[in-house]
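Student: Read off the chains here:
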Amino acid sequence: MAKFRLTVNGRERVVDTDPERPLLEVLREDLKLTGTKYGCGEGQCRACTVIMDERPIVTCVTPVRSAHGKSILTIEGLGDVANLHRVQQAFLEEGAMQCGYCTPGMILRTVALLNEQPKPTEAQVIEALNGNLCRCCGYPTILAAVHRAAAARQTSGSKSEE
Amino acid sequence: MTEELFEVERYELREPPAYLFSVSRREFLGTVGAGFLIVAVAGEAQGQRQSAGSTLEARLHIGEDGVITILNGKIEEGQGPRTEFAMAAAEELRVPVERIRMVMADTDATPNDGGTSGSRSTPGTVPLIRQAASAARGLLITIAAAQWGIPRERVHVDGGTASGPDASRKLTYQDLAKSAELTEAYSQPLPADVSLTAARDWKVLGQPRHRVNGRDIVTGAHKFPSDIERPGMLYGSVLRPPSFGAALVSVNLDKSKSMPGVTAVRDGDFVACAASSSFGARKAIEALAATAVWKEKQHPSSDTLFRHLKEHGQAAASGGRNRPRIEGDVERALAGAQKRLKAVYQASYVQHAPMEPRAAVAEWQDGKLTVWTGTSNPFNVRQQLAEAFRIPAPRVRVIAPDFGGGFGGKHTGEAALEAARLAREANRPVSVCWTRAEEFTWAYCRPAALIEIDSALDDKNEILAWDFANYNSGGSAIDTPYRTANSRIRFIASDSPLRQGSYRALASTANNFARESMMDELAEAAGAEPLEFRLAHLENGRIREVLTAATNKFQWAERSKQRRANRGVGLACGTEKNSVVAACVEVEVDSQTGVPRLLEICQAFECGTILNPAGLKAQVEGCILMGLAALREEMLFAGGRIRNPRFSSYRVPRFRDVPPKMEIILVDKKEAEPVGAGETPIIAVAPAMGNAIFAATGRRVRSLPFQTTQKAG
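In order, the protein sequence lines correspond to chains A and B.
If you count by the numbering used here, then the first sequence holds residues 1 to 162, one letter each, in order.
If you count by the numbering used here, then the second sequence holds residues 1 to 713, one letter each, in order.
Please note that a few of the clues may not be correct.
One-sided and incomplete, this derived list gives chain A residues near chain B with beta-carbon spacing under 10 Å [said to hold, decoys possible]: (1) Val14; (2) Arg21; (3) Pro22; (4) Leu33; (5) Gly35; (6) Gly39; (7) Glu54; (8) Gly69; (9) Glu94; (10) Met97; (11) Gln117; (12) Cys134; (13) Tyr139; (14) Pro140; (15) His147.
Rather than coming from a laboratory, the hints here were simulated on the basis of the structure.
Ideal Cβ positions, reconstructed from N, Cα and C, are used throughout, including at glycine.
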């Protein structure tokens, strides 16, 4: 057992736990942030995506020790029901979800993509999201949502939300 | 619910119980409390009455705050019934959809609407909801008419408010909620003679609407079964055998029990641990697994699967749903035929692999068990739990929160039983969430299929003989829609090496793949064009209509004549669950690797009146892409072990597999009864692609997946 300090959704959190425990389980079980999902445990489906120090990571294969001192953004920190983030809004407007289990991971991967590449081409979107699995296979609608979010960013000009 | 009993592919519903726990009488009374049995008898009767779901009260409740609650026993796993039901209720009540609160799949609160399967929610449950909602609106009209002394016909309901010629007088559902008339109507049977709004007058139904709880999904606020949190909850993990059929000889729990905060239990073959974290529970399982001694069993491998299915085939009994369908004398027709074609098709086992694995949280309180779990059969799971713990069903409450995908794979309650047994041992709520490897290994698969077709053409190139035998996978869509002079169509049960059961569209995918591939082979033998050959044998007007719609849009006539290197077009059609589908595709085959890629699909689908075009489009789109299982998906096994129990080696469709061009034609049959749409749109993809691969390469693929590593049967 050891103590780890994480900044999660802007709030400092200290967890006392086994260093090898996956960050995913610490977020879900200790910090009760269940919006981040378990899908495979080997970084192959990206349902567990969060943004750590500006980069998207898969938390199921990230031991908590490697998140020490890092800043983590989960779906709960992106926006809430009354105040959606532009990407959440785009997913909602396109109806880009069926069961919705992969949605938080899709949204966070999209946020990371648009931070890096505000006007991605179709090929860039597919490249960035290809590792995110949606077993309902709602891929075309998710692609439409990503483009809608990118367009919304264009119209909102330089008033970036990040 | 009764229909499921007749669908042979729902093997999982006929399995013996997953667990029958040993419960001593003393332990039993200790858990449920003395004096409980008397209470239970009364509870049983009440439970049975509730399950009928035939009163207005069972289906609809109007709050004094104006919120209207619709109750039904179906589940939401991503296919959209929650939204569709809310739309249906709003339509008949004449209120905005936002006014509807939907309570689903809670055995204590909702009627037993059977399992959510077989595309039954739309044709079976929507009418009940519309009936209840229409009855409530009728009551509002009746009361208003009586109060205002005018005929019912002059009362109009809009936006949840009744009004008449005197504009100053209004009556709302809030007023209705306070009325004695509603209280009395609640206990009455649902009136069967209420008028339902005609499709031409719909304002809510027929309009596209996205998921009603979408906001909770995009914010991560929705609690899936694996997200449920209860006070003092522990996390559980279960010891799995090293191979199929392995028997546990001995295991030592001491080390695990000595780990801080760990509960370890062995009950017959069930061995599991609970701890304050999933990590802790897994460590405890690893510790005892190291001491476990198993007796393993011989098990066939996927390399010999199709031979195994053939050798273990058992001809069906003469009666029942699976009796052979015989027209004319197929053997004589075949024997005398000039043009005879025989082929063997096969489909490997595939897994549903929903993004959320099986998960459950169980809590015992005052002798009552409550379980939150991702199952499409909450009432069946309640029964399974009651039997496993030998308690009356009304003492068990099963709640299925909207869960992360099922596709027919979650009809059973394994995780519920496991969590409940652990919760009883730990005397704390316990959450059990299967790992991906557990899901791939221990969940049931779509049955593998071996299909033999022997067929012949007469001198006018019409189908003279059609002898079709499906080994193991099932009878869905086994009948041919094409005219045949002599036919014999058989389902032959076999010994399945893997646990198998329901899957989106059941055996229709395999049966349609074999049939539609052979139709192209016959067309080739007849020197006919595939579309013309089909139309010449097809009497079903609905299939003809979607086939024409898809081929026109795709410009089949021109494109099927074009020749482009490594590219080909193909088509297929079919019917199942009373809906019809046709698809045209273009495929490119890599000249080096032989790997096919879907470049374009144009699919037409018709399922009666469209209730929610957005939901329907999502289902058709999802089915098409899930149908790309045809490219790579197959469960590989040897020595009783699954060789590819992970997403890195079991490749499901991804963004890159999405064809650059997808065209979906939704044929709307206003005033025709709406039927389900979550299954049939999957059945045309594989054969259309197989036919396109032949057009591109001259090579006929008869296996699913196309890139199979398994040997022919």
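Student: Hints first: check each against the structure and report whether it holds.
Tutor: Hint check:
{"no.": "1", "hint": "Val14", "in the structure": "16 Å, violated"}
{"no.": "2", "hint": "Arg21", "in the structure": "5 Å, holds"}
{"no.": "3", "hint": "Pro22", "in the structure": "7 Å, holds"}
{"no.": "4", "hint": "Leu33", "in the structure": "8 Å, holds"}
{"no.": "5", "hint": "Gly35", "in the structure": "2 Å, holds"}
{"no.": "6", "hint": "Gly39", "in the structure": "5 Å, holds"}
{"no.": "7", "hint": "Glu54", "in the structure": "20 Å, violated"}
{"no.": "8", "hint": "Gly69", "in the structure": "21 Å, violated"}
{"no.": "9", "hint": "Glu94", "in the structure": "8 Å, holds"}
{"no.": "10", "hint": "Met97", "in the structure": "5 Å, holds"}
{"no.": "11", "hint": "Gln117", "in the structure": "16 Å, violated"}
{"no.": "12", "hint": "Cys134", "in the structure": "7 Å, holds"}
{"no.": "13", "hint": "Tyr139", "in the structure": "5 Å, holds"}
{"no.": "14", "hint": "Pro140", "in the structure": "6 Å, holds"}
{"no.": "15", "hint": "His147", "in the structure": "13 Å, violated"}
Figure legend: structure checked against the earlier numbered hints; hints not met, in rising order: 1, 7, 8, 11 and 15.
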